[in-house]
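Engineer: Starting from the known structure of chain A, fit chain B with the ligands onto it as the hints suggest.
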Amino acid sequence: MRWYYIFLKGIKEQIRDYWILVMIIVMAPLFIFLYYLMVETETPNYDVVVVNHDQGIQYENFRVNLGDSLVYYAQLTMGEEELSMMNYMIEKNRDSAIELLQRQRADVLVVFPENFTTSILSPAGPDAIQAQIELVGDVTQMEYIIGAVWTEELINRFVQKASGIKLPISWKETPLGFSGQRSMFELYVPGLLILSIIMIIFSTSAAIVREPETRTLERLKISRLTSLEFLAGTSLVQIIIAILSLLLAILAALGLGYTLIPGTLGFILFISFLTALSMISFSLIVAAMCRSIKDVAIIGTFPLFLLMFFTGAAFPIAGGKLFTIGGYTVMLNDFLSPTWAVDALNKVLVQGQEIGDTRPEILALVVLTILYFMLGSWAFRRRHMRAQ
Amino acid sequence: MKTGPIQNDAALEVKDLVRYYGDVRAVDHLSLQVYRGEIFGFLGPNGAGKTTSIRMMCGLLKPTSGDVYIHGKRISAGESTEVRSNVGICPQENILWNKLTCFEQLVFSARIYNVPGKIARQRANHLLEKMGLAIKRDKLAATLSGGMKRKMNVILAIMHDPDIMVFDEPEAGLDPQSRVLVREFIRETALDKTVIFTTHNMDEADRIADRVAIIDSGRLLQLDTPGNLKKSIGEGDILELKVGSQVKRNLERAEEALKNKGFSVTVTGETFSVRARGLIPKIHEIYQILEREQITVSEMKVRENTLEDVFIHLTGKSLRQ
Ligand SMILES: Nc1ncnc2c1ncn2[C@@H]1O[C@H](COP(=O)(O)OP(=O)(O)O)[C@@H](O)[C@H]1O
Ligand SMILES: [Mg+2]
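Each protein sequence line maps, in turn, to chains A and B.
Quick note: the first sequence uses this note's numbering, first residue 1, plus one each step.
Quick note: the second sequence uses this note's numbering, first residue 389, plus one each step.
One chain only, chain A, in its complex shape (with noise of 0.2 Å):
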């Protein structure tokens, strides 16, 4: 029962301590509410401005403008499911349009030049007018690339429908799991709740260093208390604290519009228990290298911040490719093991896949632990156990 002792030592420290406390339970659901100003947070949407030069053609006693009717059927598509997030909207000419694309108002901006419907009239074959339809936006940004993807695959159907030519092939476009109806806030909250839980690296390194800093150790060396008591004693401390910024994380994510899958949460408290004792491993090697709670929050920046943007926690990356072996690219973040949390995590929120999926990734994630823990415990008593 010694570690219990060490248990409610720790407790009471930590809360005595509150400031490290309210800095990592409150900074993953801020995170969160950052994520939620920054992202867009209805499901996907593209916004398509036409500019319609098109001239047309007299037909007998009425005007043809495939143009206009184009912008028609655009808008007449948006009901269908496929191209629900494409948004259709006319602007006069080119150049108030641009504007729009700069102010951010419109991902694409198409522009149907003046022989539109005369060469869609046209007979095909090889002399046939080709007219030239213009895309204009950031070639660099999501938004347009799907944007005006999709865009020209309009384009391509309403000509074969208007000219009666039939291509000999059709596209179908297949949402993985709920990815098609998960908002960009929604695909980023997993990553961030496994952040709440990286969090803990700080609270963990500085309750540990806290005894060889005032030379408390000393006394606990001395006593019949073991090194496995005392780390049993502060883990469990810290568990308390990764699920309470988790839980208030789930919490801040529920409230700005974050749906929970039925029958998850069981699976991210599991993965999210492994992940805390990766990290209170991980802290022993940090509280190997740090003398005072002062140096912990130097050194600790460093691996938080490894951690953070390495393991697809703050964003998705795939990240700092190492070396191949045997076909299989070795890349840096394969060794830090929030990142196969964060890719549990996906695989059944994101993707929805079932939980028994993510056995590959629960493995990774129990071995990288198992071998944090020996490098940690053995760097820690080295550095702070042995008698000098």
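These are calculated hints, taken from the structure and not from any lab test.
Every residue, glycine too, gets a C-beta built ideally from N, C-alpha and C.
Zero decoy hints are in this set.
Selected chain B positions facing chain A (in silico; Cβ < 8 Å):
id, residue
1, G447
2, R472
3, N486
4, K487
5, S497
Okay, derived cross-link-like pairs now, DSS-like style, lysine-lysine, Cα gap no bigger than 27 Å in a straight line:
id, chain 1, residue 1, chain 2, residue 2
6, B, K630, B, K670
7, B, K527, A, K12
8, B, K487, A, K294
9, B, K537, A, K12
10, B, K689, B, K705
11, B, K619, B, K705
12, B, K506, B, K487
13, B, K537, A, K294
14, B, K636, B, K670
15, B, K506, A, K12
16, B, K670, B, K619
17, A, K12, B, K524
18, B, K527, B, K487
19, A, K12, B, K487
20, B, K527, A, K294
Structural biologist: Only chain B with the ligands this time, still in chain A's reference frame:
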């Protein structure tokens, strides 16, 4: 009643203990036995190697060479918790859990030695009361004054009721009143226990130690009861004469003359210490010798031998240097 030291029953023994810090030899082939039930004092100036010695005895520091035995069992640093839990230590610097209250850390430090909760709480309250810290019972250690922290350190050492208690300069930083309190406390708790303490204060060593080890530069110079140590440098009283700044040649001549008359003389700085049996009737004679050499005495004191004299006799320098 105190049973007194039981000879040939060593609670703690060190053999040929050596410790280097880099090139500095802090402890130099130290061998001694501390008997069960005795109060054992380490007396030596700052830097003599007292702290280094007792930290090795508790297993907090690894000897460069040599061995420590507690109740006949060899301890290597970091091992044998069974043996180590027989020792309680009050380190030289105050070591406290700043974010725990006095009561909390007393109970905690007993619990990690498997002391049952009820006993731990009773003992904590009792000891706080005894040290005059009861009003600070529920205050965080960080808020205590230096003296209070020292007292907390003294009682933290004995919360698990160890057989061997080690106090490293227990009286350092205490006001005279607390000094007496702590001294009494150590004497009392030592009734059926072995106590080891260090000090650079000869008075402290003289008053409470059954035996005193005098160490300097890491070496054990002398080990005996305070009475025997004082006797070892000669019987009788000491006449201490402060002579102020004088002509050096005169001082030397006076010393020579006194020695010729059969007095034992030590000169440290501007103080003449003249030792003799039945000293009082001879003061006039001593005065005359000094006057002849044109030495004026600014202050005069007759006293008994102290451990300080023993130290000066052994090393030629004062403890306070
Ligand atoms: N951690 C250390 N590193 C280097 N030298 C030390 C260290 N601790 C003590 N010493 C040196 O060892 C000698 C004995 O010190 P110490 O045992 O603290 O003496 P004492 O307790 O008698 O004052 C001194 O010369 C001191 O400078
Ligand atoms: Mg010392």
